[in-house]
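Now for the letters of each chain:
Protein chains: 2
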Amino acid sequence: MPNRTVYFVSDGTGITAETFGNSIMAQFPGKPRHVRRPFVDTAEKAYEVCREINEMGEREGQRAIVFATLVNREVLAIVREHCRGKVLDMFGTFIEPLEEEFGVKSNHRVGRFSDVAKSQEYHDRIEAINFSLAHDDGQSARNLDAADVILVGVSRCGKTPTSLYLAMQHGIKAANYPLIPEDFERGKIPSSLAPHQRKCFGLTIDPDRLSQIRNERRPGSKYADLMNCRYEVNEAETMMKRAGISWLSSTHKSIEEIATTILNDIRPDRLIY
Amino acid sequence: MPNRTVYFVSDGTGITAETFGNSIMAQFPGKPRHVRRPFVDTAEKAYEVCREINEMGEREGQRAIVFATLVNREVLAIVREHCRGKVLDMFGTFIEPLEEEFGVKSNHRVGRFSDVAKSQEYHDRIEAINFSLAHDDGQSARNLDAADVILVGVSRCGKTPTSLYLAMQHGIKAANYPLIPEDFERGKIPSSLAPHQRKCFGLTIDPDRLSQIRNERRPGSKYADLMNCRYEVNEAETMMKRAGISWLSSTHKSIEEIATTILNDIRPDRLIY
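Heads up: the sequence lines are chains A and B, in that order.
Positions 10 to 282 (the numbering used here) are the ones given, in order, by the first sequence.
Positions 10 to 282 (the numbering used here) are the ones given, in order, by the second sequence.
Check before you lean on any hint, since a few could be wrong.
As the list claims (entries may be wrong) - Subject to a maximum C-alpha distance of 27 angstroms in a straight line, what follows is the list of computed DSSO-like cross-link-like pairs (lysine-lysine):
hint, chain 1, residue 1, chain 2, residue 2
1, B, Lys-250, B, Lys-208
2, B, Lys-40, A, Lys-114
3, B, Lys-250, B, Lys-197
4, B, Lys-197, B, Lys-231
5, B, Lys-114, A, Lys-40
6, A, Lys-197, A, Lys-250
If you're looking for bench data, these hints aren't it; they were derived computationally from the structure.
The task is simple: from the sequences and hints, build the whole structure.
Next up, the structure:
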C-alpha cells in the first residue's frame with residue numbers, strides 16, 4: 010500500500026472503529042500511519058477533523074482512509090459532505106438494513122460503553138478483573154469456588170495475560186496457578202486445585218520459546234536453561250494428561266486466540282445469553 | 010426488538026465480529042441472545058453453523074441476525090448461499106471498495122491476530138501488561154522512568170482496571186499510585202512521584218459512589234464511611250490541582266472511556282504511527 014494515513018473517527022471512544030478498521034486493513038499489505046480521533050461529537054469538532062483529513066490527503070498526494078463510527082446525525086452529515094478522504098461508514102452501512110429488518114428506528118446512542126459504567130454487566134467485568142488479579146500466579150487458593158476457570162501451566166507460558174484478558178474482555182473470573190518443580194517431584198497437581206480439577210484449563214509452550222522468554226527475565230539462569238524448560242514442559246504435559254485437563258499451546262497464539270479457544274471449550278452458560 | 014438471536018460468526022477469533030455487532034445492536038432496544046461461533050474455517054464447519062442458524066430461525070419464528078467476519082472465500086460462499094439468517098458481512102462490504110481504492114487484491118488473511126504472537130507490537134503489549142502489574146497500587150517505585158503514564162488517585166477510584174486496560178489494549182506502560190491519608194497529612198504527592206509529575210494523570214470519583222464501592226469491600230469501615238470518602242476525594246483533588254496534574258472523574262465512565270480520554274491527553278508519539 011502506498012503512503013496512506015488511516016483515520017479512526019468516532020463520536021464515542023473509537024474502539025469499534027479501530028477494531029473494525031484494523032481487521033480490514035490487515036487484509037492489505039503495508040503498515041499505514043494510524044490516527045485516532047475519538048469523541049468527535051459536535052459540529053465544530055466535525056469540521057475540524059474534516060479539515061485535518063483533507064489537508065493530510067493533499068500533503069500525501071492521496072486521500073486518507075477514514076473508518077467512521079458516527080451515531081450523531083449532524084456529525085455524520087458534515088463528514089459525509091466535507092470529508093474528502095475515503096470514508097468507510099460502518100454505522101450508516103449496517104444500521105439501515107437492520108432498521109428495516111426490525112421495523113424500528115435505531116436510537117442513535119453514542120458508543121457501546123455509554124451509560125454502562127453502572128450496569129450489572131460492567132460491574133461483573135470489574136469484579137472479574139479484581140478476582141483475576143487476586144488469584145494471579147497462585148497467590149490465593151481462597152475462593153477458587155467462585156472461579157469460572159483456573160489456568161494452569163509452567164511459569165511464563167502466558168497464564169497471567171490470558172487470565173486478565175478473559176476478565177477484562179469477557180467478565181470471566183479467571184484464576185491462574187503455576188505448575189512448579191515441586192509439583193513435578195510430588196507427581197501430582199497442587200492439592201488446592203484438586204477439588205476444582207474440572208475447571209482447570211492448561212497452557213503449554215514450546216520449550217525453545219519458553220527458554221527465550223525466561224532468558225529475557227533471568228539471563229543465564231537454571232530457570233531459563235533450555236534443558237530445564239524441556240523438563241518442566243514435559244512434566245507439566247504429563248501431569249495435565251494424567252489429570253484429564255485439556256490444554257493448548259500458546260507458542261504461536263495471541264492472548265485473544267488463547268482466550269477464544271478457552272471460552273469455546275468451557276462455554277460458560279452465562280456467556281450465551 | 011422481538012425474540013431474536015444474534016450470531017457472531019468468524020473464521021478467526023470473532024472478536025471483531027463481536028465488537029462490531031455489539032456496537033450496531035446497541036443502537037436498538039432490547040437485549041437479544043448472543044451466540045459466538047469463532048474458528049469457522051472449513052466447509053464442514055460452515056455447513057454446520059448454517060444449519061444451526063437456520064434451525065434457530067425456524068424455532069424462533071424469525072430469522073437470526075448474523076454478524077460475519079469471514080475471510081476464507083469458501084466459507085463465505087457457503088454462508089452466503091445456505092444461511093437463511095440476516096447476514097451482515099463486514100469484510101465483503103468494505104474490502105471490495107478498498108481493493109479498488111488501493112488497486113491491489115486483499116490477501117484474505119484470517120484474523121487480525123494471526124501470526125502476531127511473535128511480532129514486536131505484540132511483545133510490547135505483553136511487556137506493558139507485565140509492567141502495569143508490577144507497578145499496580147504503588148507496589149514499586151523502581152523503573153517509573155519507563156512508565157508512559159502514572160495514574161494517581163484515592164483507593165478504589167478505578168486506577169487498576171484502567172492501567173491494565175491501557176496496557177492490554179494499547180500497549181501503554183501504565184503504573185498506578187494511590188493517594189492515601191498519609192499523603193494528605195503531609196500535604197504533597199508521594200516523593201517517588203515527584204520526578205515524574207508530568208507523566209501523572211489523576212482519577213477522581215464522586216464520594217457517594219466511592220463510599221458505595223468501598224462498602225462492598227469493607228462494610229461499615231472508616232475506609233468506606235461517606236464523610237471519610239468526601240475528605241479523601243477533596244484532599245486528592247486539591248493536591249492534584251496544586252501539582253498541576255490533570256484529572257477526570259471515573260464516576261460515570263467505563264474503563265474504555267477513561268483510557269481513551271487519557272490517551273487523548275498524553276498522546277504518546279508512538280501511538281500515532
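Here is what the structure says about each hint:
{"no.": "1", "hint": "B/Lys-250 / B/Lys-208", "in the structure": "holds (15 angstroms)"}
{"no.": "2", "hint": "B/Lys-40 / A/Lys-114", "in the structure": "holds (16 angstroms)"}
{"no.": "3", "hint": "B/Lys-250 / B/Lys-197", "in the structure": "holds (11 angstroms)"}
{"no.": "4", "hint": "B/Lys-197 / B/Lys-231", "in the structure": "holds (23 angstroms)"}
{"no.": "5", "hint": "B/Lys-114 / A/Lys-40", "in the structure": "holds (16 angstroms)"}
{"no.": "6", "hint": "A/Lys-197 / A/Lys-250", "in the structure": "holds (11 angstroms)"}
Hint violations for this structure: none, all hints satisfied.
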